[in-house]
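Chemist: Listed here are the chains, written in short residue letters.
Protein chains: 2
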Amino acid sequence: MDLDNKKTGSVGIVEAQRAHFDTPLELRSGAVVPAFDLVYETYGTLNAAKSNAILVCHALSGHHHVAGLYAGQPKSLGWWDNIVGPGRPLDTDRFFIVGVNNLGGCHGSSGPCSLNPISGQLWGADFPMVTVPDWVKAQARLADHFGIDSWAVVIGGSLGGMQALQWSIDLPQRVRHALVIAAAPKLTAQNIAFNDVARQAILTDPDFHGGHFYQHHTAPRRGLRLARMLGHITYLSDDQMGEKFGRVMRNDSGDYNFGYEVEFEIESYLRAQGDKFAGFFDANTYLLMTKALDYFDPAQAYDDDLAAALKPAQAGFLVVSFTTDWRFAPSRSREIVNALLKNDQNVSYAEVTSNYGHDSFLLAIPHYHAILSAYLERIRL
Amino acid sequence: MDLDNKKTGSVGIVEAQRAHFDTPLELRSGAVVPAFDLVYETYGTLNAAKSNAILVCHALSGHHHVAGLYAGQPKSLGWWDNIVGPGRPLDTDRFFIVGVNNLGGCHGSSGPCSLNPISGQLWGADFPMVTVPDWVKAQARLADHFGIDSWAVVIGGSLGGMQALQWSIDLPQRVRHALVIAAAPKLTAQNIAFNDVARQAILTDPDFHGGHFYQHHTAPRRGLRLARMLGHITYLSDDQMGEKFGRVMRNDSGDYNFGYEVEFEIESYLRAQGDKFAGFFDANTYLLMTKALDYFDPAQAYDDDLAAALKPAQAGFLVVSFTTDWRFAPSRSREIVNALLKNDQNVSYAEVTSNYGHDSFLLAIPHYHAILSAYLERIRL
Chain A
1 MDLDNKKTGS
11 VGIVEAQRAH
21 FDTPLELRSG
31 AVVPAFDLVY
41 ETYGTLNAAK
51 SNAILVCHAL
61 SGHHHVAGLY
71 AGQPKSLGWW
81 DNIVGPGRPL
91 DTDRFFIVGV
101 NNLGGCHGSS
111 GPCSLNPISG
121 QLWGADFPMV
131 TVPDWVKAQA
141 RLADHFGIDS
151 WAVVIGGSLG
161 GMQALQWSID
171 LPQRVRHALV
181 IAAAPKLTAQ
191 NIAFNDVARQ
201 AILTDPDFHG
211 GHFYQHHTAP
221 RRGLRLARML
231 GHITYLSDDQ
241 MGEKFGRVMR
251 NDSGDYNFGY
261 EVEFEIESYL
271 RAQGDKFAGF
281 FDANTYLLMT
291 KALDYFDPAQ
301 AYDDDLAAAL
311 KPAQAGFLVV
321 SFTTDWRFAP
331 SRSREIVNAL
341 LKNDQNVSYA
351 EVTSNYGHDS
361 FLLAIPHYHA
371 ILSAYLERIR
381 L
Chain B
1 MDLDNKKTGS
11 VGIVEAQRAH
21 FDTPLELRSG
31 AVVPAFDLVY
41 ETYGTLNAAK
51 SNAILVCHAL
61 SGHHHVAGLY
71 AGQPKSLGWW
81 DNIVGPGRPL
91 DTDRFFIVGV
101 NNLGGCHGSS
111 GPCSLNPISG
121 QLWGADFPMV
131 TVPDWVKAQA
141 RLADHFGIDS
151 WAVVIGGSLG
161 GMQALQWSID
171 LPQRVRHALV
181 IAAAPKLTAQ
191 NIAFNDVARQ
201 AILTDPDFHG
211 GHFYQHHTAP
221 RRGLRLARML
231 GHITYLSDDQ
241 MGEKFGRVMR
251 NDSGDYNFGY
261 EVEFEIESYL
271 RAQGDKFAGF
281 FDANTYLLMT
291 KALDYFDPAQ
301 AYDDDLAAAL
311 KPAQAGFLVV
321 SFTTDWRFAP
331 SRSREIVNAL
341 LKNDQNVSYA
351 EVTSNYGHDS
361 FLLAIPHYHA
371 ILSAYLERIR
381 L
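Heads up: the protein sequence lines correspond to chains A and B, in order. Each residue of the first sequence is one higher than the one before, counting from 1 in my numbering. Each residue of the second sequence is one higher than the one before, counting from 1 in my numbering.
Because the hints were derived from the structure by calculation, they are not lab data. Some hints could be false.
[To be verified] Capping the alpha-carbon separation at 20 angstroms, the derived lysine to aspartate or glutamate pairs in EDC-like fashion look like this:
#, chain 1, residue 1, chain 2, residue 2
1, A, K342, A, D304
2, B, K244, A, D303
3, B, K75, B, E15
4, A, K244, B, D304
5, A, K75, A, E26
6, B, K244, B, E265
7, A, K137, A, D170
8, A, K244, B, D303
9, A, K244, B, D297
10, B, K244, A, D297
11, A, K75, A, D275
12, B, K50, B, D93
13, B, K342, B, D303
14, B, K244, A, D304
15, A, K244, A, E265
16, A, K276, A, D207
17, A, K311, A, E335
[What the hints assert, rightly or not] A partial selection of chain A residues facing chain B, derived with a Cβ cut-off under 8 angstroms:
#, residue
18, A201
19, L203
20, M241
21, F245
22, Y260
[Unchecked claim] If we take Cβ atoms under 7 angstroms as the criterion, some of the chain A residues that face chain B in the derived model are:
#, residue
23, S29
24, D196
25, T204
26, L226
27, M229
28, D238
29, G246
30, Y256
31, F264
From the three backbone atoms N, C-alpha and C, an ideal C-beta is built for every residue, glycine too.
In isolation and in its complexed conformation, chain A is listed as follows:
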């Protein structure tokens, strides 16, 4: 196949949809969600055999709007648009692709800022903790909704990659390929530490009101802004920050301000990122997502033996890491690869040279996309 001559493009205008599930969902914590909605989008066409479906799992701050644009909103490009579309790695000429906002999210699915069907009030801080296995269960309901017995592929980066891995363990018959990108089999103490500083920033913000800030008509924006600024540092590589911002100052005079206003470009960038995020993201969802990350540890029930945890998996695996990712470094991806190899399971691994740190998984890096395309093209439907 001649990739160079293949026309690639965007999926164009898309629309979000909503599925309602009224069978209670028991969560890992023991809490039960009596009924819930999942908001999703689809791209491409489900074939008659329902064998060409790909589930895209989102990371900490992601959602169902993976690709395309909303009508009349030219800035509404999906967060992973570069990977989805005709001729793109997740090729809509061949696959039926589903993006979903996870349970506990703040983009339309049931979560802290949706109504508790029992009380009729906003869930707020009372929305139960969700874990990666809980998301797999909820996403399986969505598969049922489409009549999809097994996904051709479950794919995700970062926390999304953890969901792909969990799918392969929990519902091995229902996932034929798991693409685990820029992920880790569990968080380190340092990863948890960064998450906890972010959480403490939110929890100690006087506007948090124990998570019931909605009824006070406010939001812990200061805390959420700090959480995002901190998170953002861990998404970028030291090198990339150096190249992009270095010690460049905003003040054209080239001398210091000797004050606390923005002085270096990196400060301006980070503060703007934090402000923007705090303007739209829900603080309770942010808390839930960081805990889902902390809790992810499939080997925990197997005496820390990841190979034992992965034993039930029947999927083929593609594991991808990025050289400058220090949040989930290549060595963390290799832990997954080595556990799969120990089990003689089918795994391909690529370590992509990239200067862009953890965020690389979101970028259209040619080598990375070529690897995904090559893997996905050889999948038989």
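Add chain B to chain A, keeping to what the hints say.
Modeler: This is chain B only, laid out in the frame that chain A set:
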């Protein structure tokens, strides 16, 4: 000399002293401090030639109490006690050692929580920004106070190492050896980014009151706590955190809490560190110190040519880095070494294998202390 048979010990009971300087000090920012105090401690005896003096420069949260104990306070051990004393690397049998709290500090020297001699009010947020070159100027006044023409050694770790480097550049005749430990010639964008998140945590704390929180009888403890938690992550190595805390949970049941209370040991540790720090450190001083770090860049005035900046130095140099320090990695220390080598200046360099990250410089790591001892013993007084 038979190190093994040498008795080593603590300096014992010490007392802080205060020097007053009433000649105005012009700072790098153009601001003038009309008069100021420096609080200091000394260990050992100044020889008749005044040729055996060592200045110990402190890092971000340090102070003048480097070694020994205060009478009746058994928990008051100095922050670098393991290095100072008879037979220790900074050998009080041979050297006269001076610890000083920097200008802008919060341990007795003039700073935000001392009185502005002009207004008679607490300086608070009006205390001017201080830079590393300003500290060198103020410390030179202290040398004058003792009648010390030149320090045998100026030594420091982290921000303290930057002061040692600056001494060698600004007052080359007054420092015979500069020991630059776990430092860097300037901060990277990532270093500045972490500092800015810490500053934003303090500046946006509603209890900050524009830095005039003293008159509101409060303090931005939430922000300072977050700043310290975050800083602490960067002082430790990922490996060490993994070994010391891993994913160990506080809850003996081994299962998750599914709440935001302390869940993992690392959370407990970090929160406790943050709480403790926020209970005694001054938020305005913290802000000033982080800016002094950001501003440190001796090569800036030389078109980023560090060798050109270091050209005036006459000192002998010992540069030490630690393998797992990711705040100021060995590669950053080597930038200093390479610039000195380019100038054919006298430099020794050691990269110490240590699992303890940036904080290694504070620890009694035998190889590290042996290097310091070997270097210091050969200094002729």
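Chemist: Of the numbered hints stated earlier in the document, which are not met by this structure?
Modeler: Going through the list in order, the structure violates hint 5 alone and respects the others.
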